[in-house]
Amino acid sequence: MKLTIFKSMTALAAASLLISACGGAAPTAAPAATKAPEATKASEATKAPEATAATAKSAFKIGMILVGPYNDKGWNQANYEALDYVKAKLPGFTYDYVDKVNSADRPNTKGTQVADDLIAKGANMIIFDSDDFKDDALETAKKHPDIPVIHTSGDYSWKEGKNFKDQKNLINIMGQMEFTKMMAGCAAALGSQTGKIGFVGPLINEETRRLASSAFLGAKYCWTNILKKDAKALQFKVTWIGFWFNIPGVTLDPTKVADDFFNGGYDVVMSGIDTPEAATEAKKMVEAGKKVFYVHYDYKQGCDLAPDACLGSPYFNWGPAYLDAVKKAQAGTLTQSFTWNAPDWKNINDPDTSAVGFLPGKGLGDKSAQVDTLIKGLADGSINLYKGPLNYQDGSVFLKDGEKATEQQVWYLSQLMEGMEGASSAK
Amino acid sequence: MNIQLTHIYKRFGAVQANDDVSLDVEAGTIHGLLGENGAGKSTLVKMLSGFITRDSGEILLDGKSISVKTPADGIRSGVGMLHQDPLDFPPMSVLDNFINGRPGRLFIDRRSAVKEFKAIAEQFNFVIDTEEQVGLLTMGERQQLEIVRLLSLGVRTLILDEPTTGISASQKTALFAALKKLAKQGKSIIFVSHKLEDVEELCNNVTVMRAGKVVGSSAIPCATSKLVGMMFGRELATPVKPATSRTDTAIKIEGLTIGDDRMDVRVNDLSIKRGEVIGLAGLEGSGQRLFLLTCAGVLRPFAGKLMVNADGRLAEMTGKSYHQFQKAGVGYLPADRLREGLIWGLTIQEHVVLRTPSDGLFVNREASHSVAETAIKTFNIRGKTDTRVGQLSGGNQQRTQLALLPTPLNLVLMEHPTRGLDIESTIWVWQQLIMRCQGGTSIIFASSDLDEIVQYSDRVIVFSGGKVSEPIATAVLTASKLGEMIGGKFIGASAS
Amino acid sequence: MKENPTLHTKSPVSQLNRGLIYQGGALMLSLLFVAVIILLTGESPLHVVSALVDGAFGTPDQFARVFATLTPLVLCASGLIYTFTAGLYNLGVEGQIVIGAIASTLAIRVLQGQLPPPLVIAVSILAGTLGGVLWGLLAGALKVYGNISEIFAGLGLNFVAQGLAIYLIFGPWKRPGIASMSGTEPFDDAFALGRFGQTDAAPVALAIAVIVLVATIVIMRNTHFGLRLKAVGQNPRAAFILGMPSTRLLLSSFLVCGAFAGMAGSLQVVGLFHRLIPSISSNLGFLALLVVMLISFNAVWIAPVAFFFSALNVGSLQLPMALRMESSLSGVIQGMLVLFALLARGFSERNRKTRS
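Going down the list, the protein sequences come from chains B, W and F.
Numbering-wise (this note's numbering), the first sequence opens with residue 1 and increments by one.
Numbering-wise (this note's numbering), the second sequence opens with residue 1 and increments by one.
Numbering-wise (this note's numbering), the third sequence opens with residue 1 and increments by one.
Heads up, a few of these hints could be off.
[Unchecked claim] For lysine to aspartate or glutamate, the following EDC-like pairs were computed, each having C-alpha atoms within a straight-line distance of at most 16 Å:
1) B:Lys165 x F:Asp189
2) B:Lys142 x F:Asp189
3) B:Lys142 x F:Asp188
4) W:Lys481 x W:Glu197
5) B:Lys165 x F:Glu349
6) W:Lys467 x W:Glu340
7) B:Lys165 x F:Asp188
[As the list claims (entries may be wrong)] Here are some chain F residues pointing at chain B (derived, C-beta under 7 Å):
8) Thr59
9) Asp61
10) Ser180
11) Pro186
12) Gln198
13) Thr223
14) Pro278
15) Met321
16) Met325
17) Ser328
In case anyone wonders, no lab produced these hints; they're calculated from the structure.
This one's a predicted model, so the numbers in the text were calculated from it and none came from an experiment.
Ideal Cβ placement from N, Cα and C applies to all residues, glycine included.
Working from the sequences, and respecting the hints, build out all of it.
In structure tokens:
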């Protein structure tokens, strides 16, 4: 059959076709081009009053580049919603965003290119929302030295960090999720009957190691100190899928990973990824009559997905940090800096002050009071989970007895903790 | 079922394939339809079974005029045809083939289908496994399957087109027994063949066709010479090719066995002199093409040796590649010009370039242009250098093919070298070829035109259903002898 | 059997006109279809067109990006001309790009610090080309000797190549401490091809593409090799009978296509991404297949059609930005164009047959 197709192509491969194919294309492109300005004028015209009004009230525009979908009920949505928070606080503030900027969803598109286009469309500041954009953020900052470039979760601007790159307009912002992950881990331990906790991890890097480890330390603390159970009876297993969300054929399927946990006797699955597979699977299991729970990650309303099965959701609250950055940028004082914002210990769920928060879920019931003891201890400093003696996963010493971890030691955590199952580094 | 075909006409383009043909077949008889290639036999029966439509004339079944426009119409009227190449679906199972083409019910009742199949097959002692894949059956078994299928569809007239080619002797016996049984049951059978023996053994009556017309009919038995006379009823043309004077051998064959999935062909020792022309006669598909392809190096023989005289020395060529045959001065001109010989979308000049050994990377346009111009002039091709060969007429395509043959050549192999050419072109083509022969080139060609074979060959080899005769010098050849041999009777056809 | 000469001598001119009408019709139809789809999503086709034009040519950066996309597209389309001409659907072109990129990355990893950077870049491009050749020949060998359709062989090898790239990125070549979709650690700027200003267009890469394209046009028009490929592609049996070395020709076409695709992969590494990323091919191999299907065999049309497709591809980023539309619409437009062009060709061909 191929032959006949080919013959038919051959038969009329006469230049005629090609001439017409392309000759046709050109003229249609031309009128389009001539009409383009008209069209833009039209659309600008409608937007014009807004724009001028904005200029009057010190207009400012953020261009945000999201690695995943803006409505992923996780990391990206939290970043995206922070823009609306800023907008509500600042008159004249506007934003543009492009989501799903990753090589699977948008092949042939680099983060830098999106940033270039956003700046061309008038962005005064760029936010890259993923660790994966570190190269793009640096390149963009170099290319547009007058535009502040915020890279969340990166460390290139940390003078005391390992990877400092001296780029004046590159800013790193991060929240101290470690604390809220500890709370989440605690909730997981309190909710577990079997003592088996599964953790659906994204890819393996310093950030994800410290988050998974924090969750483990929180779980261990509550398992032994609150429930007074044997540490050995607690299993904490991390399965890394390979990326922040499912990319068919490239990553492991988080749905399947969560399922495997639940079917393998793990009655609590903690999510460490951007998307809500753990929640949806837990919901299915509960509907099927199983007594299982999930702990969400990264999204304040995470427990709404399946309230009865939810033990809690630690989340980022980017709004205050971004608002602060915009204000500084408008004042011209936003320069190279690395901020790792702590929760507001007075109220970790205060939307205007706390960089990270934790909302207990319905599934936790009255045990949330026990989580509160941990929160209180963390707040007043009486509990420090990154305090020796603490060993790495391979048994080597991380912190000697009584030694407290430095910020760098936590940020650049090189291994998981002793007692955790799962890979510490990519093979 | 009584069948009457009256005043049937059918024209394909310029060819009157059926010219006022009438045929009567009585129920309960086996009727032979004899004739050489292109006599119009197949055309006639295909119109009866609905595979092609007639231009005019009438078809009466049991006295009732019917119109058959499709094979399905044919089956509905009770006429089924068994083709030379069975129209089945090789990758499917016997049962699926059997079920296919039956009047559509939504659901298939396999069990009753198996029962029905077995009932009919047993009647005729056909042994076929219903689960076997059709592609793995022998030609004879596929025929049997097709007969069973047609009978299950209620066919009362069965047409068989050259059914004894490619089947074994025992299968032939079984087939004939089955056909006779069917005739006894009152069914009418039309048996299309060129094999005198088969017709004489099987049929009650025979009708002979020639050049689209019925030339006679007879009850069987009748004298073989009478049938041959009707089939080839004419004087043979006079040879025009000057006799070969050379004595050196151009190609030598030692006990060659060749074949494909339909037949095996054995060619005895044969030696062809330089400048000699060998004509291959016989019905198409009797093994001539296999022989030519083997001599060209395209097919490899199962056994035997093949030697070609290259540079004055006989070189063993068995098992060598086609390209080595080409290097040894062997040229092959296929019959299907646009499928095998030429490339539809390329121009005459581009063909010239393809044929020229390339010296250097770039095509020398001026040189190839002038070569193409010369070829067009010399070979009288009605086209320009930049004409695509697909746009040339058949005759001009053949001239192009000839023009593309390299010079010098030791051996030229041709299938139907003048098919589709007008008289002048034919004569002109042979003038060119004879000139080559005088330069020492030998030619082996197959043709369905007996006149062409007699006129231009030094010796003739007859192929019939895989059997190969000894070569006979044209000088001693008679029409009746040739006719008998084509009909499969090799008695008395000893080497000359 | 005499033939009616009028049937055959009937004018190439009328055929040409008919082809034009069909192709023109196909273009109009496909545009109409796309317009309907846009209307169904609640947008105005005019806005879409203006966004696309704006996205492709609005800024020097974008314009440069069109050329950066054009480079691999032209290279792959040029390569595909050879296999298409030889009658082969080389769907393995994607994998050939990926292997080219891998080989190129390997060369830089091994040689950086050992040779002067410009030399490293040159060797790296050469290595990429060889990698593509290897992968192309593998598909060819499976086709010629293994009797596996080049379509399936190619698709299979694509998976293998992609798998290898991901394995390397997440395994042996991962960044220190991290395995990430963002790819391997970027190479030092010294190992990047120079660019126009700060844009993404690398003049050397573009020059290579232009040279390859011109060479392809010349080879297809003026060389024995080109003509023989045409012969084998149009009628392998007749080409064989006429004495063409079919096997060698088929393999050569795979070789050349692999070389150009490998080169494209290499340039993606040294010219654009400066590292190996999982989707290093950016699906441009498949896009090149569309280009070549649209233009059939004629290399002359690669440049304009590839340019049009590149502009569409780059411009489509504006769809989510300006109109909150899916940028995959550009893929729909391209697919429609090709589909309708092939349909038109089919109809035109069927008509030709029924007339004669």
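Should the hint that F:Thr59 touches chain B count as held when the rule is a Cβ pair under 7 Å? holds, 4 Å
Is the interface hint for F:Pro186 satisfied, with its Cβ closer than 7 Å to some Cβ of chain B? holds, 5 Å
Given F:Asp61 as an interface hint, is the shortest Cβ-Cβ distance to chain B below 7 Å? holds, 4 Å
Hold the hint about F:Pro278 up to the distance rule: shortest CB distance to chain B must be less than 7 Å. holds, 6 Å
Pair hint outcome, B:Lys165 versus F:Asp188 [Cα-Cα no greater than 16 Å]: Distance of about 14 Å is within 16 Å: holds.
Once the shortest beta carbon distance from F:Ser328 to chain B is found, is it less than 7 Å? Interface hint status for F:Ser328: violated (9 Å vs cutoff 7 Å).
Within 16 Å, alpha carbon to alpha carbon, are B:Lys165 and F:Glu349? violated, 63 Å
Take a quick look at whether B:Lys142 and F:Asp188 sit within 16 Å of each other, Cα to Cα. Status holds; Cα separation ~15 Å.
Once the shortest beta carbon distance from F:Gln198 to chain B is found, is it less than 7 Å? holds, 5 Å
Quick one, is the F:Met325 hint okay against chain B at 7 Å, beta carbons? Check failed: Cβ of F:Met325 comes no nearer than 12 Å to chain B, outside 7 Å.
Using the nearest Cβ pair, does F:Ser180 come within less than 7 Å of chain B? Hint holds; F:Ser180 Cβ to chain B Cβ min 6 Å, cut 7 Å.
Sort out whether W:Glu197 lies within 16 Å of W:Lys481, counting only the CA atoms. holds, 14 Å
Violated hints, listed in ascending order, are 5, 6, 13, 16, 17; each of the other numbered hints is respected by the structure.
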